[in-house]
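Please model the complete structure; the sequences and the hints are all you need to start from.
One line per chain: the protein sequences are A and B, in this order. Its first residue numbered 0, the first sequence is counted upward by one per residue in numbering that gives the first Met the number 0. Its first residue numbered 0, the second sequence is counted upward by one per residue in numbering that gives the first Met the number 0.
FYI, nobody ran anything at the bench for these hints, they're computed from the structure. Hints may contain errors.
From the derived model, a few chain A residues whose C-beta atoms are all more than 12 Å from chain B [unchecked claim]:
| hint | residue |
| --- | --- |
| 1 | T7 |
| 2 | G32 |
| 3 | M33 |
| 4 | A47 |
| 5 | D53 |
| 6 | A115 |
| 7 | R126 |
| 8 | R135 |
Only part of the chain A face toward chain B is listed, based on derived beta-carbon distances under 8 Å [claimed, not checked]:
| hint | residue |
| --- | --- |
| 9 | V17 |
| 10 | L31 |
| 11 | T42 |
| 12 | E76 |
| 13 | G81 |
| 14 | F91 |
| 15 | C99 |
| 16 | P104 |
| 17 | E130 |
| 18 | C134 |
| 19 | H140 |
| 20 | I142 |
None of these values were measured; they are calculated from a predicted model. The beta-carbon is built from N, C-alpha and C at its ideal position, and this holds for glycine as well.
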Amino acid sequence: MSVRVTMTLNGKEVSAEVEDRTLLVSMLREKLGMTGTHVGCDTSQCGACVVHVDGRSVKSCTVLAAQCDGASVTTIEGLAKGNTLHPMQEAFRDNHGLQCGFCTPGMVMSALDLVARNPDPSEHEIREWLEGNLCRCTGYHNIVKSIKAGAQAMRGGK
Amino acid sequence: MADTGIGAAVRRTEDLRFLTGKGRYTDDINRPGQLYAYILRSSVPHATIRSIDTAAAVAAPGVVAVYTGADMAGAGVNGLPCGWQVHSKDGEPMKEPAHPPLAVGKVRHVGDPVAVVIAESYAQAREAADAIALDLEELPAVADTRAASASGAPQLFDEVPGNLCYDWEIGDKAVNDAAFAKAAHVAKLDLVNNRLVPNAMEPRCYIGDYDPTRGEYTLYTSTQNPHVIRLLMGAFVLGIPENKLRVVGPDVGGGFGSKIYHYAEEAIVTWSAGQLGRAVKWTAERSESFMSDAHGRDHVTHVELALDADGVFLAMRVSTLANMGAYLSTFAPCVPTYLYATLLAGCYRTPTVYCNVKAVFTNTVPVDAYRGAGRPEATYLIERIVDVAADETGIDPAELRRRNFIPKDAFPYQTPVALVYDIGDYDQTLDAALAAIDYQGFEARRAEAAKRGRYRGIGISTYIEACGIAPSNVVGSLGARAGLYEAAQVRVHPTGSVSVYTGSHSHGQGHETTFAQLVSDTFGIPFESVEIVHGDTDKVLFGMGTYGSRSLAVGGTAIVKAMNKVIEKARKAAAHILEASEADVEFADGQFRVKGTDRAMSFGEVALAAYVPHKYPLDELEPGLDETAFYDPKNFTFPAGCHVAEVEIDPDTGVVTLVNFAAADDVGRVINPMIVEGQVHGGVAQGVGQALLESCVYDAQGQLVTGSYMDYCMPRADNLPPVSVSTHVTLCPHNDLGVKGCGEVGAIGSPPAVMNAVVDALSALGVKHVEMPATPQRVWQAIRDAKGAAAA
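This is the structure:
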């Protein structure tokens, strides 16, 4: 059975006809062409697919698109304002918080939810928070550094 | 120029697209009319295929085609080739059984591809696969490396008795035995180098496309070396000439070796696209990655080290069983031989080394090079046996290493296992790492931990590796079936911007930044004026790709050679235009200048003159400024260094916490220190993963136990401490840049450091060795056994 799902995606209303079993990540990638959100596993472990639904981070591989009918969804594509990166994106760039880039969208989206809940996370809190995000390239060292710097920039410090 | 030139920590060009969701990985690409493939795989480790009935699947909704191994073989598709031939010590070539893309006659591991279903949607293909009636007659299986070589073990191939692929040796056994006979002390150890699953975060993905009007195929592939795939698949598997086959490796989400090889699914989608005249896409699910990406390591080894009364190493002998898996992956045979045993001298003056390697087939996923490839296995056994010797002789582990180092004035140094080390300074990196971790202060920290009821240990690893592969003449004589040079084309455009086409491939390494720094620095032009192009056989003339930390040492040097040709041609043009003799024109800071005068032309002005040749020496020079170079390295490069780890162990739970880690690496000249540090961080995390967390487990029946992230323990952010990294440069003397390579040092140096720390923490209890990974269960058991032994 197919269903029509309408949502606010990165501030714009979008709508698509999808099978009822369609996952949010599949709708984003295949129906809406938003390929910034990645699929890295099939057991909800890796976090490459993290997006925000109504302001909270979720693994879009584990949410049905139909559950998001009427919701506001933000993906990595929705963070920068034109050519100006979000401070968290900028921090990842400044601190070499990414290498191959595949886990990066999920890392950034997850980091933003952490900072929304805890504007000044400690290194330990960041490492614990990232339990649901895997990265194989960076050894996390520079991701942790990036999130600390991004949080600081978002607090208005430098 | 200084802020973007050689040595500057330039922010990466590629990050803008990756951080905004604009990266273009293979699965982000869709072709018009694209179909989707699902691969039916064997769920059993070993069986004869009695029959495959695909009729119901063919009739399922949306299905366009179902193909089996018989279909592909019947159409003339060949097996997947192996790129390296090793000979046994009796001179016989290795056993090289056929490896069809879809199984023919038998399945030999869980995950062995049996059939492909191609449908309008992935869901339809996947559902239809359930309707395939696969009748298998199960056979006894063997997954364990030791068990495969035991008499009476199940046989994978009729033509491979004893599952023995080859029985290879290096070193003079008689000389070695004689040295052992004179030893004052012999340290001995049995160890396992655990099987790992590489786990690049981007699952493998391929799209085959075919244009029937031109007879042209395109393969989009998550690969580390598009030209190698074109050569292997085109020439050996499908019979498609290069001019009719384009291979594109777009943004690739990590490789670590696992995306070097030519995989069955690449051939399946390309061939299917040709059959159907439509694009066919296949994307691995992670559970498929676990059962089909080439695995790494899996050695079982016995090592002995002979020392004299002063702790000087006299000889080392090693015997290793190496698991090849069920078939030979592209470079599998060279990993436990030429990338392993040739490194067994380590950083030491050990005068004689003998090594015997038996490679065996098992009912497991094929094993091939994974980050470090042979060198981590060599380093692990060397650095463990050195620590065993230190423990048994009572010599401090740092002192024992120092006593046996090849001194820095002894280079070039001929090792007893074929390699000639070009340069190094092992004391320097040892000193730096010991200082960074405060080695002197360790006993106080151990005592403090003991008060808290924790066992604290420290472990040293001094490593060397050979990378920048490789001199083609040398590897050719050792069985490589390809050259290992690199190609580069430097195209200067009329207004002075530059496009560089490199055969190296970036899948996280940041070549678009590092290579641009190199070009900008050399030509004296803005960093932003340089574009680095890679990953497309239609754009880049040729290439051998990226693996073995070779990109800068080989690919970068090829760029330098091409740039030198550009400069020489431009100097001739400039001399003509400036009305000076060529010898009087020098090039520096982006200016061609007549020596001792103010007459000069900028790089851009000469470029324009080459394309608008109105006042140009057309009798002597062609117009245009576009040069190509192939660079074949003169030797391997030899990064080396020292890693030190400090752990604490909770005796009640066996949990090992890595509390401190210092790396001091000599990777030669550093172009971008930010990127080099990042490479070391990542490598260390993978090495720590091997030491403490990761292990690919098969059960006794050959079933894959660790088939997902629920079962295979990947390192997470909270498993790792901050890592201290420093670089200490000795310049590689045989390439223009003085570079060595930094991609693998972390994964090579760190496992023995961690394991030596674990054993050190437990040594007061009498523990002599702990196998990797040092899981809580294994450590708890070691503590319990040691305490039991002490009480008995």
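Min Cβ distance, A/G81 to chain B: is it shorter than 8 Å? Check failed: Cβ of A/G81 comes no nearer than 11 Å to chain B, outside 8 Å.
Reported absence of A/D53 from the contact zone with chain B (all CB gaps over 12 Å): holds (20 Å)
Assertion that A/M33 lies outside the chain B interface [Cβ separation over 12 Å]: The assertion about A/M33 is violated, with a minimum of 7 Å to chain B.
Per the CB criterion, is A/T42 less than 8 Å away from chain B? Constraint on A/T42 satisfied, holds at 5 Å.
Tell me if the interface restraint on A/P104 is satisfied: Cβ within less than 8 Å of some Cβ in chain B. Hint on A/P104: holds, closest Cβ of chain B at ~6 Å, below 8 Å.
Interface hint outcome for A/I142 [beta carbon to chain B under 8 Å]: This hint holds: A/I142 lies near chain B, its Cβ roughly 7 Å from the closest one there, short of 8 Å.
Minimum Cβ distance from A/T7 to chain B greater than 12 Å, as the annotation requires: Holds: least Cβ distance 17 Å, greater than 12 Å.
Next item in the hint list is A/C99. Is there a CB on chain B closer than 8 Å to its CB? With a minimum Cβ separation of about 3 Å from chain B (threshold 8 Å), the hint on A/C99 holds.
Under 8 Å, Cβ to Cβ, is where A/H140 needs to be relative to chain B, so tell me if that hint holds or is violated. holds (4 Å)
Does A/R126 sit more than 12 Å from chain B, CB to CB? Given that some Cβ of chain B is not farther than 12 Å from that of A/R126, nearest at about 4 Å, it is violated.
12 Å cut-off, C-beta based - A/G32 kept clear of every residue in chain B: Non-interface label fails for A/G32: nearest chain B Cβ at 9 Å, not farther than 12 Å.
A/A115 non-interfacial with respect to chain B [C-beta, more than 12 Å]: Non-interface label on A/A115 holds, nearest chain B Cβ at 19 Å vs cutoff 12 Å.
The earlier numbered hints that this structure contradicts are 2, 3, 4, 7, 8, 9, 10 and 13.
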